[in-house]
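Line by line, the protein sequences are chains A and B. Numbered by our numbering, the letters in the first sequence go through residues 482 to 842 in order. Numbered by our numbering, the letters in the second sequence go through residues 28 to 417 in order.
Just so you know, these hints were derived from the structure itself, not from any lab. Just so you know, even glycine gets a beta-carbon here, dropped at the ideal spot from N, CA and C. Incorrect hints may have been included.
If you only want the chain B side, here are some residues facing chain A, beta carbon under 8 angstroms, derived [to be verified]:
1. Gly98
2. Val101
3. Ser103
4. Phe191
5. Asp313
6. Arg317
7. Ala324
8. Arg325
9. Val333
10. Arg405
11. Ile408
12. Gly414
These stretches of chain A come out as covered by chain B in the derived footprint (C-beta under 8 angstroms, 3 or more residues) [unchecked claim]:
13. 487 to 495
14. 529 to 536
15. 659 to 670
16. 736 to 749
Negatives, chain A to chain B, calculated, CB over 10 angstroms [stated by the list, open to error]:
17. Ala507
18. Ala526
19. Pro682
20. Pro724
21. Gly726
22. Glu772
23. Tyr797
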Amino acid sequence: MIDLELGDELALLVDTARSFAQEQLAPHFRAAEAAREVAAPVRAAFAQIGLAALELPESLGGAGLGPLARALVNEELAAGDPGAALALDPLGPALYPLLELGGEDALARLAAPLLADEGGRAVLVCAEDAQLRIDGERVSGSVPWVPADRPRLLVVLTAEGGYALVEGFEAEVLRGAGLRAAGAAALRLEHAPLAARWHDPRAAARARARARLYAASLLLGVLRFGAEFSRGYAQERVAFGRPIGHHQGLAFLITDMHIAVEGARLLIHEAAWRAEAGDDFAPAAASAWVETVDVSGWIGPACVQILGGHGFMQDYPMEKVMREARALGLWLGGADAAREEAGRDLCDTRPPLALSPGGLL
Amino acid sequence: MDFTIDAKMRDRLSEARAWGREQIRPAGLEADRMGAPLPVDHPYFEAFLARGDGRTRWPGPGVKPDRPRPGLVVLSLLLAEETAYWDRGVIVAGPGPGLPEPNVLAMGTEEQKQRFLGPFREPDRPRWACFAMTEPGAGSDAAAIRTHARKDGDHWILNGAKCFIGNASRADWILVQATIDPSKGREAQRAFFVERGTPGLGGFKIEKKMGLKAYESTSFSLQDCRIPAANLLGGEARYEQRAGFKTAMRTFNAGRPIIAANAVGIGRAALDEALAFAREHDLLGDARVRDRLEACARRLRLARLVCLKAGWLADRGRANIVEASMSKALAAGVAQQATSLGMELLGTVGARGDHLIEKLYRDAKAMDIVEGTGQIQRVIIARQLVGLPR
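Let the sequences and hints guide you as you build the complete structure.
Here's what the structure looks like:
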């Protein structure tokens with residue numbers, strides 16, 4: 482039966498993540514952006530609340546929670562600072578290829594050393610975002626951007642599977658369009674030795690779908706924050722004798738932002754629920770990702786617009802919302818690859834009743 | 028969190044699907060070809076009654092109604108979507124106590140339930156009732172109605188005009204919303220049972236519509252229409268403070284997600300037809316076509332989820348004013364996009380005027396108008412979000 486209640490465990494998780502984001506991340510977002518890292522006390526506070534290894538299997542010391550918990554936590558953390566949220570998650574979405582393709586052995590061999598080293602980061606790259614070629618057991622080429630200054634583990638996801646590298650790549654630190662608290666770098670690989678290589682298209686599809694949900698929920702948090710902040714501003718800022726939010730042009734824009742955020746959230750939650758239910762959730766995850774990226778294309782600029790000149794200035798966080806929303810939407814193959822996958826999946830469905838509720842939910 | 032449709036719900040949806048394919052769609056196409064509502068003696072209505080539909084939920088005198096089953100609103104939304112998939116006009120045309128029933132159940136006296144809902148318990152023939160709010164000068168702004176009610180001894184005298192009222196000319200009774208003092212706004216509104224044949228009730232004009240032709244949208248007038256005091260819904264005590272207006276708004280709050288679900292159903296039908304056409308004409312190899320179909324499917328799924336959330340909140344007895352309006356604002360637009368895309372894929376075939384998608388294109392537009400336009404929904408939401416003044 483349809484029930485949108487989170488339940489006690491997830492509700493507690495959300496409360497914990499929200500408090501942490503509001504108390505520890507949001508107040509320091511400019512400092513973290515400038516420092517390109519999260520301050521040590523914030524890291525320590527994060528370690529204490531137990532969100533650090535949310536989806537890692539319990540056998541490896543993690544909480545063993547699933548995609549829904551991740552989506553909920555990511556939204557909250559990203560509403561505070563998405564770059565910091567990434568910086569605080571050593572594996573990030575690189576966890577999924579390791580888990581789905583490599584299994585616990587790969588996690589123990591490749592991820593465990595990273596987890597033991599504070600500040601160690603893994604990055605996930607979708608093959609279509611990079612220029613990489615494999616020659617025997619070695620990889621050469623370049624990756625234009627990863628959201629980390631000096632990643633220790635590079636995981637590449639392809640349509641057929643994926644591979645991992647722990648050495649043989651150099652990072653050139655970049656300014657980064659957004660997510661600067663996580664860092665930003667271009668990677669150059671010269672005959673980098675493969676640390677692992679996997680072939681399993683179905684597992685790769687699951688890993689990609691989970692990565693999309695990871696990114697979509699971060700993006701959702703950014704959009705929620707932007708929509709809420711600009712809504713609050715619109716109720717205080719007065720123009721032509723009344724709050725600007727009382728002018729219907731802006732009132733409707735704010736309303737549409739609210740609807741878009743809520744809609745994207747429901748798509749993400751439904752896809753995550755499908756993943757936990759063991760369904761084929763890849764098309765739903767692709768849809769959730771596409772929708773979130775698509776609405777971010779106008780919500781980010783709208784947040785700046787509502788604040789007018791203040792929105793453009795760095796005294797307010799809306800310019801950051803616009804930059805980060807755009808940067809996040811380019812990640813993990815961007816929306817177009819997902820759009821193509823979801824479109825093909827839909828077109829393979831034999832009508833009638835492509836979206837019948839019984840088949841959809 | 029759970030998005031499962033349980034086996035019972037699936038069974039109900041399967042039944043609705045079969046009924047829709049065999050009965051609803053053909054009746055809807057027939058009405059569209061005729062350009063007129065299904066006549067009261069149409070076999071569809073007899074079949075509808077024989078199926079056990081068209082009846083009141085009122086359990087009878089002295090019988091305590093069952094507590095609403097958990098998930099009832101969500102189920103009703105899923106059914107509203109599924110049946111509208113086959114033809115939304117035929118759904119509205121269906122006999123029964125219809126739109127006013129929730130208000131009568133919630134506010135009516137026992138005597139009123141017996142008189143007005145009793146005949147719908149085991150109807151001897153297809154019977155209709157309807158709710159009349161809209162006026163030529165008051166659509167979405169329901170507080171602006173001008174139909175006037177004046178007390179005259181043991182009677183009320185109604186004067187005014189109503190328009191676009193579903194099933195009005197065939198209804199046994201019409202629940203008419205009127206004001207006892209237009210200068211007092213919402214608090215002066217009352218609802219009255221006006222029975223067919225009451226002197227002064229007349230001037231019925233079945234409108235010619237762009238779509239949704241299977242049901243009648245009727246305008247009528249009330250000229251010195253004298254009705255017994257006992258026909259005031261709930262009695263005078265019920266109408267203290269602003270309860271009168273809330274009678275109407277209760278219907279609307281329950282109705283918006285239903286209209287949204289209808290819109291999703293229409294959009295789904297357009298998507299399926301568009302997919303079939305595109306497949307048949309080898310259009311699916313074009314990435315632009317796939318992208319647009321994908322966007323259409325995605326937005327329909329999204330609209331459905333927002334709609335279900337509004338229903339889920341209602342099932343829990345929680346406030347859903349924002350979600351109800353969100354679902355309506357969103358789904359109506361999505362349905363129009365879906366039908367418009369379908370027309371575009373049809374190309375000049377769509378211009379012929381004989382394809383189902385062309386009908387759906389006309390039908391879908393009403394979803395953005397009835398029970399508050401998309402703009403009004405945004406006004407309602409904005410009042411909650413930014414305190415947009417009334």
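Checked hints:
Taking 8 angstroms as the C-beta contact cut-off toward chain A, the hint placing glycine 98/B at the interface holds, the least distance being around 5 angstroms. The interface hint given for valine 101/B holds, since its Cβ lies 5 angstroms from the closest Cβ of chain A, which is under the 8 angstroms cut-off. With its C-beta approaching chain A no nearer than about 12 angstroms, serine 103/B sits outside the 8 angstroms limit, and its interface hint is violated. Hint status for phenylalanine 191/B relative to chain A: violated, with the closest Cβ pair at about 25 angstroms, above 8 angstroms.
The closest approach between the C-beta of aspartate 313/B and any C-beta of chain A is roughly 10 angstroms, which is over the 8 angstroms cut-off, so the hint fails. The restraint placing arginine 317/B at the interface with chain A holds, with a minimum CB-CB distance near 4 angstroms, inside the 8 angstroms limit. A hinted interface residue such as alanine 324/B counts as satisfied when its beta carbon comes closer than 8 angstroms to some beta carbon of chain A; here the least separation is about 5 angstroms, so the hint holds. A least Cβ separation of about 5 angstroms between arginine 325/B and chain A falls short of the 8 angstroms threshold, and the interface hint therefore holds.
Among the interface hints, the one on valine 333/B holds; its C-beta lies about 6 angstroms from the nearest C-beta in chain A, closer than the 8 angstroms criterion. Checking arginine 405/B against chain A by beta carbon gives a least distance of about 5 angstroms; that is within 8 angstroms, so the hint holds. Evaluation of the isoleucine 408/B hint against chain A yields a held restraint, the C-beta minimum of about 5 angstroms falling below 8 angstroms. The interface hint given for glycine 414/B holds, since its Cβ lies 6 angstroms from the closest Cβ of chain A, which is under the 8 angstroms cut-off.
Coverage of the region 487 to 495 of chain A by chain B holds [criterion: at least 3 residues with CB-CB distance below 8 angstroms; count 3]. Look at the region 529 to 536 of chain A against chain B: 0 of its residues bring a Cβ nearer than 8 angstroms to a Cβ of that chain, fewer than three, so the hint is violated. Coverage of the region 659 to 670 of chain A by chain B is violated. Counting CB-CB distances below 8 angstroms, 0 residues qualify, and the rule asks for three or more. Taking a C-beta to C-beta cut-off of 8 angstroms, the region 736 to 749 of chain A contributes 9 residues in contact with chain B, enough for the three needed, and the coverage statement holds.
Separation of alanine 507/A from chain B is adequate, the least Cβ-Cβ distance of about 21 angstroms exceeding the 10 angstroms criterion. Every CB of chain B lies more than 10 angstroms from the CB of alanine 526/A, the least distance being 28 angstroms, so the non-interface label holds. Remark: the non-interface label on proline 682/A is consistent with the geometry, its nearest Cβ contact in chain B lying 21 angstroms away (cut-off 10 angstroms). Remark: the non-interface label on proline 724/A conflicts with the geometry, its nearest Cβ contact in chain B lying 7 angstroms away (cut-off 10 angstroms).
The Cβ of glycine 726/A sits about 3 angstroms from the closest Cβ of chain B, inside the 10 angstroms cut-off, so the non-interface label is violated. Under the 10 angstroms C-beta cut-off, the non-interface status given to glutamate 772/A relative to chain B is violated; the minimum distance is some 6 angstroms. Against the 10 angstroms criterion, tyrosine 797/A stays outside the reach of chain B, whose nearest CB is about 18 angstroms from its own CB.
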